[in-house]
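Peer 1: Okay, here's what each chain looks like letter by letter:
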Amino acid sequence: QKEVEQNSGPLSVPEGAIASLNCTYSDRGSQSFFWYRQYSGKSPELIMFIYSNGDKEDGRFTAQLNKASQYVSLLIRDSQPSDSATYLCAVRGNTPLVFGKGTRLSVIA
Amino acid sequence: DAGVIQSPRHEVTEMGQEVTLRCKPISGHDYLFWYRQTMMRGLELLIYFNNNVPIDDSGMPEDRFSAKMPNASFSTLKIQPSEPRDSAVYFCASSGTAAEAFFGQGTRLTVV
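If you're matching them up, the sequences are chains A and B in order.
Just so you know, the numbering used here puts 44 at position 44 of the first sequence, and the rest follows in order with no gaps.
Just so you know, the numbering used here puts 1069 at position 69 of the second sequence, and the rest follows in order with no gaps.
Next comes chain A alone, as it looks inside the complex (with noise of 0.2 Å):
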């Protein structure tokens, strides 16, 4: 059972700071990492997708791959009120996209 893990969060952040959010996995042969944004009531958002070890800076976001630890992270820098929503990570191997239950966010003004 591939299975991918992330905490359910809320994770409260003020507006401005480092929001991170973290992500770990258990299939060792996934090749694919991607972040999702959801706001309430709305559909999944791609963000980021990560493919090597190392970071992935995107504007605001960073992703963090670490395929020997199977952990992913997601660094939001000068976080917004508006980046408030449920994160989700994403991975795929062999099969398609596994997500995992999302991290909420809130980001405090």
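Incorrect hints may appear among the rest.
[Said to hold, decoys possible] No farther apart than 27 Å at their CA atoms in a straight line, the calculated lysine-lysine pairs in the DSS-like style are these: (1) K1024/B <-> K101/A; (2) K1024/B <-> K42/A; (3) K101/A <-> K1078/B.
Hints are computed from structural coordinates only; laboratory data are not their basis.
Position chain B relative to chain A; hints supplied.
Peer 2: Below, chain B alone, put in the same frame as chain A:
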């Protein structure tokens, strides 16, 4: 492109009735996925198609669930008969590579 289009957006039905959810994937995408999302279980893959062919339906919970993709631009997910525990948000997603998935707006199903 208009993105993945699902209909209806909301469906309320009585237990025992047949429910049909519809999806139009992004043009040119070869993969189509049906997911179900609940608070308890999160986002679960029900079935996926590649080039209109069902590849893996191991996530379909019971024989009451069936899915078809008669052509590249249309898919349906049918529940017959529906039960209250089927209440959830059902998402259709499509992909050009089976890597990332682009989601439709979802259908919120309530079975009373």
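Peer 1: Failing hints, ascending?
Peer 2: Structure breaks no hint.
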